[in-house]
Every structure is written in C-alpha cells, then in structure tokens.
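S.K.: Work out the full structure: start from the sequences and follow the hints.
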Amino acid sequence: MLDQYIGVVITFALGAVIVLGMVSGSMIFGARSTSRRAVKDEVFECGNPSSGPARGRFSVHFYLVAILFIVFDVEVVFMYPWAIVFRQLGVPGLIEMLTFVAILGFGLAYVWRRGALAWD
Amino acid sequence: MIVPTEWALMLSAVLFAIGVIGVLVRRNVIVIFMAIELMLNAVNLSFVALARARGAVDGQVVVFFVMTVAAAEAAVGLAIIIASFRNRTTVNADELALLRG
Amino acid sequence: MGLIEVGIAGAKAFAVLMLVLHMSAVLLWVERKGSALIQDRIGANRANIFGVMPVNLGLINTLVADPLKLLTKEDVVPAGADKLLHFLAPFLAVFPVMVTFAAIPFGDQLVIGGHTINLQVAGLDIGILYVLAMSSLAVYGVVLGGWASNSRWALLGAIRGSAQMISYEIAMGLALIGAVMTFGTLDMQAIARAQGHHFFGLIPAWGVFYQPLAFLVFLIAGIAETKRVPFDLPEGESELISGYFTEYSGMKQAAFMLSDFAESVVVAGLATTLFFGAWQVPLLFRDGFHLPGGAIVALPHLAVVGLQIASFTVKVFALCVFQILVRWTLPRYRYDQVMDLGWKYLLPLALANMLVTGIVIVLLG
Amino acid sequence: MGAALFLLVAALTVVAALGVILHPNPVKSALFLVVTLFLLAAVFVLLEAHMIAALQIIVYAGAIMVLFLFVIMLLNLRNDDPERGRRRYVLRGLAWIGGVALAIELALLVRGASVGSAGSAPAGYGGAAAVARSLYTDFLLPFELTSILLLAAVVGAVVLAQKQRRPTLS
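Chains as they are written, first to last, in my numbering: chain A, 1 to 120; chain B, 1 to 101; chain C, 1 to 365; chain D, 1 to 170.
Errors might be hidden in some of the hints.
[Claimed, not checked] What the simulated footprint calls covered on chain B by chain D, stretch by stretch (three residues with Cβ under 8 Å from a Cβ of chain D suffice, anywhere in the stretch; the number is not a length): (1) 4-10; (2) 20-32; (3) 55-65.
Derived by calculation from the structure, the hints in this document are not laboratory data. For glycine and all other residues, C-beta sits at the position ideal for the given N, C-alpha and C.
M.R.: See below:
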C-alpha cells in the first residue's frame, strides 16, 4: 500500500523545487533600486496616502462563515466513506444518512433563519 | 516497511508533553487552545498506532470521532474567545478570570 | 521497489507538472487573445523576434516576453511586511494546486519492455480525498499573502478570498460525493476505467450522463474556487486594487497569477476524470476501435495509449477554454450574491442530488 | 526503510510542535501547528491509516486551522508581551521540568508495555471501505450522536459570535 505514495513524495519534491525556483526568480534576477526606498516601500494604494493601519479588525460575518465551513466540512467528510459502502448497507444505511443530514439540515435552517448567512 | 508501535507511541508521548507545556507556559488563550489541539492529536496518533498493532480499524474510527469533537470544540471555543474579547479586549488567560465575578 | 520504478515515477511526476505549467501558460494566452476577441480588441500583438514572425498572435508576448519581464522586475516587499511569510505565501498558493494533479490519471497503462506502467503519478486508493486535501490547503496562500503584506486592501482581499474558497469547497465536496456514489470508489483510475463501456454500444458511459447536476454544481464551485471573474471579489480591481496580491511584484506576483490558472486546469482535470470519461476515447478499447456494427479496427498498443493521452489533454483544455468563456461573458457578482450562491443554492442542491442519487441507487438495487 | 522515514518525520514533527509553543507570534504559532498536523498525516500514512491521513489534512489543516487563523486576524493579535517577574519565571521553569518529566515517564511506560506489532496489515486496511464498514455498523450510534454534537456547535457558535440584535439595558 505504501508504494502508492512514492509518486506523491516525488511530486512533492519536484513541485517544491519548481515552485521555489519560480517564486525566488525575481529575488535573484530582478532589478534592485538603490534610492528612495521609503516611498517605494509604502503600501500601494494607487498613489493616495495610506489610509491607516493595515491590520484592523473585520466583520464577524467572515468568522461565522468559517464556523459553518468547519461543521459542514466534517459532515462532508463523514459522507465519503458512506458513499463507498452505501450499496452494501442498503436501506438502513440510507436511513442513517438521512437522519444525519436532517439533523444538520436543521442546523443550516437555524443559521439561515437567524440571518448569519445574510450579508448586509 | 513496518514502523514499530513503540516508536509511534513515544512520539505521541512527546507531542502530548509539548502540548501540556504549551498550556502551562503560554498566556495567550488562542495559543493555549492550539496546544490543546496538539494534545488531542497526540492521542489520535496513539489510537492509530495501536489500531495498527492490533490489525483492526476501530481505533481509526475513534480518531474520526475525535476529529469531529475537535472541530465542534474549535468552533465553540473560538466563539467564546471572540465574545469575551468583545467585552474585555484581551486574550490573556490571567486577565480573563470570567467566572470570578 | 527498484531504481527503475522510482525513475519511472519521477518521469511521470515531471511530465504531469510540466503539463500543468504549460497548459496554464497557454491558457493565459487563450485568455488574453480570447478576451480581446470577445471585447472586439486586438490583444497582445507587440513582441516579435526581429520581425520574423509573419503572423503575430501574441504568443511571444505571453509565453516569452512577459515571463522574462517579470523575472527581471524588482522584488518589492513593503515596509512592515513579514518577509518570510511574504515569500512563503505565493509558494503556498501554487504548490498545493500543482501537486493535486499527482492523483489524476492521464492514460490507461503503457506496456514497455515487460514493464506495465500505470499512467498516473500516484495510484492512490483514496485519490479523491487526496485531491480534496491538497485543494483545502490552497487557502493558506491567499490568507498569508494578504496578512503578510501589511496592507489593508490586501488583507481585505485575503479574507474575502478565503471565505469564498472555503464556502465553495463544501459545495464542491458534496458534488463530488454524487460521482463517488455512482462509481463506488475513491480511486481515480478505477473511476476512469468504469467509464469505459457504452450505452447501446455507441454512447460512452461518462459520468456526466449519470450525474449532470453534480457536474453543474462542481463546475460552478470550481470556477468560484479559482477566484476569477465572475467570482473575482478577492481581487476586484475597482474595489481592492488587486486584492491579496496587491503588494507583490515580479515572479511572486506571477506565481499568484499562475495559481489561478493552475486551479482552472485542476478543476478541468477533475471534471474530465469524473464526468467526461478521463482518458477514454469513445469506442476505443485496449485493442482498438469497436464500431457499433461489431467491426473492430485494431490499433497498435502505442497508438491506443497516445490517443488516450491526447484525448485527456484535449478534454482538459476544452473545459479550461469553457471556463475562460464563462469568465469573459458574465459580469462580477456582489459579495453577498457570491456567498448566497454558495450557501443557499449550491449547497442544498448538492445535498439533494446526493440524497436522490442514494435513494435511486438503493431502490433500483 | 519505513522505520528510517518514520524517524525523520517524527523528528520534524517534534520540531514543529515545539515551534507552536515557543514562537511569540500567534500567526506563526498557528502555521507551525499546520506543519505539525501535516507531518502527523504523513505519520498516519506510515502507519497505514490512509483514510485518516487524508481526513487529518482536510479537517485539521484545511478547516480547523483556517478558523484559528481567521480568529487571530479578526482579533488582530500581535506578539505576546514578554513576561517578567520572578514568580513568572519560576512557574515557567516548573512547567518545563514537569512537562519534560511527563514526556520521559510516558516514553518509559510505553517502552515497558508489550503492545506487540502485527505483521503486514490485511489488504485494504485503513482504506475508506474498511473504515466505513466499521463506522456505519459498529459505531452507528456515536455517528448519529455526532450530528447532534455538530448541531449544538453550530447553534452555540452562532449565538456566541453574532452580536445581539436587541439593544441591552446596560
């Protein structure tokens, strides 16, 4: 079974070399400016003066999306093994999964109703 | 290509201890949380190693459930951190003695 | 496991990585010239080699001049940026996308000198989960690119981009479950082989005929994952300059561009494998074409393998071009529309598709 | 060869895990944890838990850690302040000594225990089908309870994180 992963390891190694070479390309071959670093190193805002500190806080909505993502990701992950064997499980297996989805569907409905999915 | 079970269990022990140290040493609630995740993973590792030693997959199924619990825990735990940060503007565990009144 | 096997695996890995890279580059050209065609412009046509190219289609612009130009650009890291993460982010954006292709089969098997070579870099039993795992890591490039830049707009783009990517990952995963249920395996080579028979000896039994809805959901979610028009909110020029890679220049910026195109190629590769018969050519079997009347046109082994690889490449490329057509036809969505589409339409649709598939398969025996 | 590979991955895992608890910047800490989780997935592969390895990356590295990063960025956390004061130093020292002692003790315990090592695993061990058969027959009740746990997590997290709509009196 482990032989399957030789290809993965080799792809990882080759891919890392290629991508690292690419990303560092401009650092090696690129031009270097010597003067006026202060202006050049400013954050780019289309020539306008910087609009303030960068790492301000942002809407809690994005965080809610991430929470929902985690929960549904786990749900999806539970479905993959089921999708492999559901033929052998037959009708009971189907009912198991329907119950599972129904309970989580209730969660989705709650979040929906509460307005956590609404962007205003 | 067989990994000795003892080695995997030792790695698990070391990771668990690192998690414990992290919980004790750090004061940032989120980093403490991450150290707890590390401890959970150490336990997962020993489940997987022992499942392999027994040649049965039930240990792996338990890991499945541990992951689910970790996901639920992360969702709620981080929500608590956000809610408390909103009131106290800190994530320092020493200053977050919420239940002390 | 001898040296030969490792060598063969290395050659396959190299070939596949080059396929992704070059297809992304050609795709960039298709996008530039294609968008020009759609918008009634001329498009890239400047670069030429001493005026010797008789018909200038902008190929030199896109494939030679631009990479050279980017290579010689100064690498600017803004003040206050985290230097290490600023370097790591473009790597993390491209790398997971490129290695995803390791699990995608690009041909059946090649028999040379007593070796039977499976034309797939890594024949993983859990192939689809590997693909999902790698594509779930691509979000780090976006998040870190924005965070490390120390720029407000970059961070906003990164947050938008990652929220969008994770939202559509759910719909994508659910859509793939429909296909997995149809074939009953996660092994992508087995899925490819399962699509080898024909209805009435004529119509190939491709996944899209079993799971049209899953294909639709997968394709929309896939386009959204690539973060390009009409889902280019993370880099919407009129709002965020260019989003999470605003503060990148030279090859680092090119890497972010490449990651978008490579994602398109991966989405097309996955769609081809699961819904369009992977490397299957209609009516072509291991010994040649089986025509409907029962006649057999025998072909040598190498020709069959060549046709399969060509078929895979053509299908992937066609799906890539289709994605570009979609991009240049539709206008940009608003952010709430993007999130609504993912959570309120595609997610329930994919769930329903999965449940209906399950009920149909179980009840039909 | 598998054993040598394991030692290499294990060493890297420990280094990354130490990075999690030692780096003062929470974002870097989180990234070290991502690396640790990824390497643990490799360890799982070496222990022939193929399915679990993929899930480890999908659920932990690809989902849970994204949420951690989101929260760190949402709260705009910077480096931890260096801690001063003799009491603090003493406590930290004690924590380190205790932790190292715990690691040594657990390792010795494991060495003494005879867990035995099965030979080569049966075909399909650790694959999706094998895990699924166990999960959907022997572990059916926990599986259904999982959905209730996740439901509770969604509701709880949304209630906690979303701002109250109604204005409060205070």
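S.K.: Could you tell me which of the hints above the structure violates, numbers in ascending order?
M.R.: none
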